[in-house]
Amino acid sequence: MPESAAQQLPFAITLRAGTSLANRTGAWRSERPVYRDLMPPCNDACPAGEDVQGWLRLVQEGRYEQAWRRLMRDNPFPAVMGRVCYHPCQAACNRAQLDEEVGINAVERFLGDEAIRRGWRVTVDAAATGRRVLIVGAGPAGLSAAYQLRLRGHEVVVRDAGTRPGGMMRYGIPTYRLPRDVLDAEIDRLTTLGVRLELGRAVTDVAAAMREEGFDAVFLAIGAQLSRRTYLPAGDSAKILDALTLLRDTAEGSRPRLGRRVVVYGGGNTAMDAARSARRLGATDALVIYRRTRDRMPAHELEVAEAVAEGVQLRWLSTIVAAGPGTVTVERMELDETGFPRPTGELEQLDADTVVLAIGQDVDRSLVANLPGVAVVDGAIQVGPDMMTGHPGVFAGGDAVSADRTVTTAVGHGKRAARHLDAWLRGTTYTPAERPPLAGFDRLNPYYYPTAPGPHRPRLHPSRRLSTFDEVVGGLDEPAALAAARRCLSCGNCFECDNCYAMCPDGAVVKLGPGQGFTIDLDYCKGCGICAAECPAGAITMVPEAS
Amino acid sequence: MAYPDVRQTADRTAGNRLLPLRQRAVQADPDRPGTLASGHRACQGCGEALGARWVLDAAMRATGGRLVTVNATGCLEVFTTPYPETAWRVAWLHSLFGNAPAVASGVAAALRAQGRTDIRVVGQGGDGGTVDIGFGTLSGMFERDDDVLYVCYDNEAYMNTGVQRSGATPPAARTSTTPALGPAPGNPFGQGKDVPRIAMAHEVPYVATATVADPRDLERKVFRAMAFRGARYLHVLVPCPLGWGAAPHDTIHLARLAVQTGLFPLFEAEAGEVVAVTRLPGPKVPVAEYLRRQRRYAHLFAEPPRTDVIAAVQAIADRNIARYGLEVVPDA
Numbered sequence: 001m002p003e004s005a006a007q008q009l010p011f012a013i014t015l016r017a018g019t020s021l022a023n024r025t026g027a028w029r030s031e032r033p034v035y036r037d038l039m040p041p042c043n044d045a046c047p048a049g050e051d052v053q054g055w056l057r058l059v060q061e062g063r064y065e066q067a068w069r070r071l072m073r074d075n076p077f078p079a080v081m082g083r084v085c086y087h088p089c090q091a092a093c094n095r096a097q098l099d100e101e102v103g104i105n106a107v108e109r110f111l112g113d114e115a116i117r118r119g120w121r122v123t124v125d126a127a128a129t130g131r132r133v134l135i136v137g138a139g140p141a142g143l144s145a146a147y148q149l150r151l152r153g154h155e156v157v158v159r160d161a162g163t164r165p166g167g168m169m170r171y172g173i174p175t176y177r178l179p180r181d182v183l184d185a186e187i188d189r190l191t192t193l194g195v196r197l198e199l200g201r202a203v204t205d206v207a208a209a210m211r212e213e214g215f216d217a218v219f220l221a222i223g224a225q226l227s228r229r230t231y232l233p234a235g236d237s238a239k240i241l242d243a244l245t246l247l248r249d250t251a252e253g254s255r256p257r258l259g260r261r262v263v264v265y266g267g268g269n270t271a272m273d274a275a276r277s278a279r280r281l282g283a284t285d286a287l288v289i290y291r292r293t294r295d296r297m298p299a300h301e302l303e304v305a306e307a308v309a310e311g312v313q314l315r316w317l318s319t320i321v322a323a324g325p326g327t328v329t330v331e332r333m334e335l336d337e338t339g340f341p342r343p344t345g346e347l348e349q350l351d352a353d354t355v356v357l358a359i360g361q362d363v364d365r366s367l368v369a370n371l372p373g374v375a376v377v378d379g380a381i382q383v384g385p386d387m388m389t390g391h392p393g394v395f396a397g398g399d400a401v402s403a404d405r406t407v408t409t410a411v412g413h414g415k416r417a418a419r420h421l422d423a424w425l426r427g428t429t430y431t432p433a434e435r436p437p438l439a440g441f442d443r444l445n446p447y448y449y450p451t452a453p454g455p456h457r458p459r460l461h462p463s464r465r466l467s468t469f470d471e472v473v474g475g476l477d478e479p480a481a482l483a484a485a486r487r488c489l490s491c492g493n494c495f496e497c498d499n500c501y502a503m504c505p506d507g508a509v510v511k512l513g514p515g516q517g518f519t520i521d522l523d524y525c526k527g528c529g530i531c532a533a534e535c536p537a538g539a540i541t542m543v544p545e546a547s
Numbered sequence: 548m549a550y551p552d553v554r555q556t557a558d559r560t561a562g563n564r565l566l567p568l569r570q571r572a573v574q575a576d577p578d579r580p581g582t583l584a585s586g587h588r589a590c591q592g593c594g595e596a597l598g599a600r601w602v603l604d605a606a607m608r609a610t611g612g613r614l615v616t617v618n619a620t621g622c623l624e625v626f627t628t629p630y631p632e633t634a635w636r637v638a639w640l641h642s643l644f645g646n647a648p649a650v651a652s653g654v655a656a657a658l659r660a661q662g663r664t665d666i667r668v669v670g671q672g673g674d675g676g677t678v679d680i681g682f683g684t685l686s687g688m689f690e691r692d693d694d695v696l697y698v699c700y701d702n703e704a705y706m707n708t709g710v711q712r713s714g715a716t717p718p719a720a721r722t723s724t725t726p727a728l729g730p731a732p733g734n735p736f737g738q739g740k741d742v743p744r745i746a747m748a749h750e751v752p753y754v755a756t757a758t759v760a761d762p763r764d765l766e767r768k769v770f771r772a773m774a775f776r777g778a779r780y781l782h783v784l785v786p787c788p789l790g791w792g793a794a795p796h797d798t799i800h801l802a803r804l805a806v807q808t809g810l811f812p813l814f815e816a817e818a819g820e821v822v823a824v825t826r827l828p829g830p831k832v833p834v835a836e837y838l839r840r841q842r843r844y845a846h847l848f849a850e851p852p853r854t855d856v857i858a859a860v861q862a863i864a865d866r867n868i869a870r871y872g873l874e875v876v877p878d879a
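In the order they appear, the protein sequences are chains C and V.
Quick note, in the working numbering, the first sequence goes up one by one and the last residue is 547.
Quick note, in the working numbering, the second sequence goes up one by one and the last residue is 879.
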């Protein structure tokens with residue numbers, strides 16, 4: 001040892017004290033933890049592709065406007081969605097396996113209503129592209145596409161044969177589910193964004209419009225407006241109408257005279273809307289007749305439950321074979337081995353002042369008949385994965401292409417089509433981001449989530465629903481919305497609970513600060529995997545080291 | 548209307564971005580003392596390294612950094628201080644295997660002689676150094692009521708020297724000195740020492756148990772202990788992946804199961820009387836779920852399974868639950 005160094009050390013000490021930091025214990029590791037965000041089931045299930053978990057996270061922090069803006073990236077109708085969406089996100093919610101699903105739809109409505117109340121607006125930040133897009137149909141698909149294209153700097157014209165915008169949101173959904181001032185407010189926001197609405201103007205020749213008016217691309221969102229008919233031997237005096245007509249007339253403020261006994265034929269959501277409307281229009285008996293069983297009914301469980309609560313009666317395994325004055329003849333059905341209903345020959349007479357047909361809707365193919373390359377197969381306009389028809393520059397979406405005819409799916413189609421259409425206008429292609437693995441319940445550590453029931457929206461008492469078309473489901477107030485959002489488990493995504501940081505035996509987790517999350521110090525991480533095991537949300541994945 | 552304050556995980560996680568900083572665990576604080584630095588040589592998933600940092604970080608917070616630590620020989624000493632390195636960022640003194648409580652008593656006496664009663668003393672060791680070898684000096688420290696918090700990191704055997712049985716090894720566990728052979732395999736029933744209860748019998752001011760499954764609970768007990776003067780005792784269950792034959796990622800999970808089964812009761816006692824218990828967070832978990840995850844109990848689950856032995860372990864858990872009143876009382 002050199003003389004000088006020895007002089008600086010105490011007696012009998014031969015080495016200066018060092019720190020364990022000299023030991024790079026990370027070399028022991030065979031697996032490393034990686035912060036990898038997974039796909040939350042709610043986001044995965046959302047037909048509109050909303051970042052549900054992302055905006056719930058902002059709500060949890062009381063950042064309502066930011067939450068609304070995050071939501072608005074994917075869906076221009078939060079207040080409408082928060083009322084009419086059948087929330088497949090909640091059906092997928094992992095929390096249902098702990099206590100009950102997170103009330104996502106209620107929080108969405110809270111944000112939508114807050115935005116209307118406070119006048120929050122979005123702006124077009126993209127430079128004008130000079131490109132012009134024609135959108136045929138001012139329903140949810142068309143308006144969603146118009147919104148997304150406008151945000152990307154394109155000039156957008158929406159034409160619709162109707163005199164008011166909204167499509168089925170206005171003419172199909174009863175006002176007790178969607179008050180029209182809410183719809184108007186959200187559509188109004190689109191027009192102030194520069195979306196031009198040309199109403200009362202049906203488009204009959206798309207090719208001519210493109211050619212003569214200089215549209216660079218078209219989005220067809222023409223819906224499925226034709227009520228499907230069935231042959232019913234009926235006397236002259238039998239009163240038969242289709243559900244769409246009933247709903248449209250009611251939406252426009254008239255009160256169709258249906259009589260006291262109304263029979264609705266069909267088992268979908270439209271049938272439920274028609275039956276519930278009939279009750280409000282004075283029918284003492286509203287009977288839904290469906291040829292299969294309740295579990296095979298296409299109507300959403302919630303809709304059926306509300307209808308029953310309002311006194312709508314349901315009759316399964318029956319078809320209507322004839323209608324006469326004040327009466328219908330129904331035949332009992334039975335299901336064969338494949339679950340298909342077949343007639344039994346057993347007939348019964350039922351009283352009926354009006355028969356409402358709600359047995360499906362079809363696309364009006366005359367609108368696209370003279371457009372080369374556009375095919376309609378099984379009642380759906382054919383599009384590729386990019387939502388483009390066989391006609392270059394003509395895209396389509398919404399009920400016209402989809403079997404799952406919901407507002408949310410239509411909004412999702414509009415967004416997806418807009419992304420591809422925008423890329424097409426720019427001469428590129430749009431490639432969706434790769435979807436991360438699903439954060440199923442097995443990825444969570446449920447110990448960390450104590451059970452806590454969620455707040456529920458108030459509902460109008462059934463006895464008070466029959467005299468008015470007032471909204472049935474109420475909204476959550478701010479404390480309730482906050483409590484609802486804070487039940488979110490943040491499946492597959494770090495929410496900064498500090499467990500990994502606190503529970504690393506090697507102090508190898510580095511906290512980066514609020515909102516920044518954490519990182520692993522690989523010099524010292526031994527790869528024990530405690531951080532991944534004790535992450536409540538499954539946001540850490542152990543990845544093998546290259547050998 | 549008031550709604551339950553859920554904040555996703557309530558207080559079950561160490562921190563929570565929705566909680567103010569002071570309501571989070573010390574271990575969630577970006578500026579935590581960090582008394583045990585990275586680069587120590589504990590095995591992957593070591594419960595003792597974790598427990599020691601939690602305890603000493605909390606003690607540093609409680610004393611404003613005026614802390615001296617005395618450490619018995621054992622894993623904790625060996626893996627933190629291979630000469631000339633140290634992983635400690637706290638005043639730290641190594642004693643013999645059996646005399647850490649006596650050395651801690653001496654440090655406290657020396658500080659008192661200097662009038663430095665603002666500086667506090669923590670003695671610490673493993674279960675071997677505490678329950679067996681250092682037991683006499685620990686009892687003396689209790690009897691004299693020396694102003695020391697003594698912390699036992701209990702991993703239920705002499706892990707440092709090769710997993711030999713200690714007085715804290717639970718019944719039926721296989722160690723290198725209690726092999727899984729014969730009609731009563733593993734550690735015999737009816738032996739071993741319950742040091743928290745022995746400490747209570749000394750009527751020292753404060754006795755508590757904790758685990759590495761819950762940093763908030765452990766830290767709260769350290770703060771509580773530092774509020775007392777005199778001899779105090781904290782017994783911390785720290786699973787050992789090597790000695791227990793468990794997966795390194797299971798350390799916290801096993802500590803949690805030890806609590807959820809009732810095998811490791813969480814309680815606090817003052818002057819010889821139990822003053823608080825932590826009730827089970829849910830329905831009692833059968834001990835088999837805890838035992839099955841550890842190879843030291845693998846012989847209980849071979850063919851044919853030793854359901855009689857598992858039932859005897861269950862009886863121990865049930866006795867704890869009854870003795871400390873650990874079951875959640877259903878809402879009236």
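A couple of the hints might just be wrong.
Listed below are several chain C residues computed to face chain V (Cβ distance under 8 Å; list not exhaustive) [to be verified]:
hint	residue
1	Met-503
2	Asp-506
3	Gly-529
Beta-carbon label-pair distances, calculated as ranges [said to hold, decoys possible]:
hint	chain 1	residue 1	chain 2	residue 2	range
4	C	Gly-513	V	Pro-851	24 to 32 Å
5	V	Phe-775	C	Trp-120	30 to 38 Å
6	C	Glu-61	V	Arg-842	42 to 50 Å
Hints were generated in silico from the structure; no laboratory data involved.
We put the CB at the ideal spot given by N, CA and C, even for glycine.
Now the hints, each set against the structure:
1. Met-503: holds, 6 Å
2. Asp-506: holds, 5 Å
3. Gly-529: Holds, because the Cβ-Cβ distance from Gly-529(C) to chain V comes to roughly 3 Å (cut-off 8 Å).
4. Gly-513(C) to Pro-851(V): 24 to 32 Å: Once the Cβ atoms are compared, 56 Å apart, the range 24 to 32 Å for Pro-851(V) and Gly-513(C) is violated.
5. Phe-775(V) to Trp-120(C): 30 to 38 Å: This hint is violated: roughly 56 Å between Cβ atoms.
6. Glu-61(C) to Arg-842(V): 42 to 50 Å: holds, 45 Å
Checked against the numbered hints listed earlier, the structure breaks hints 4, 5; every other hint is satisfied.
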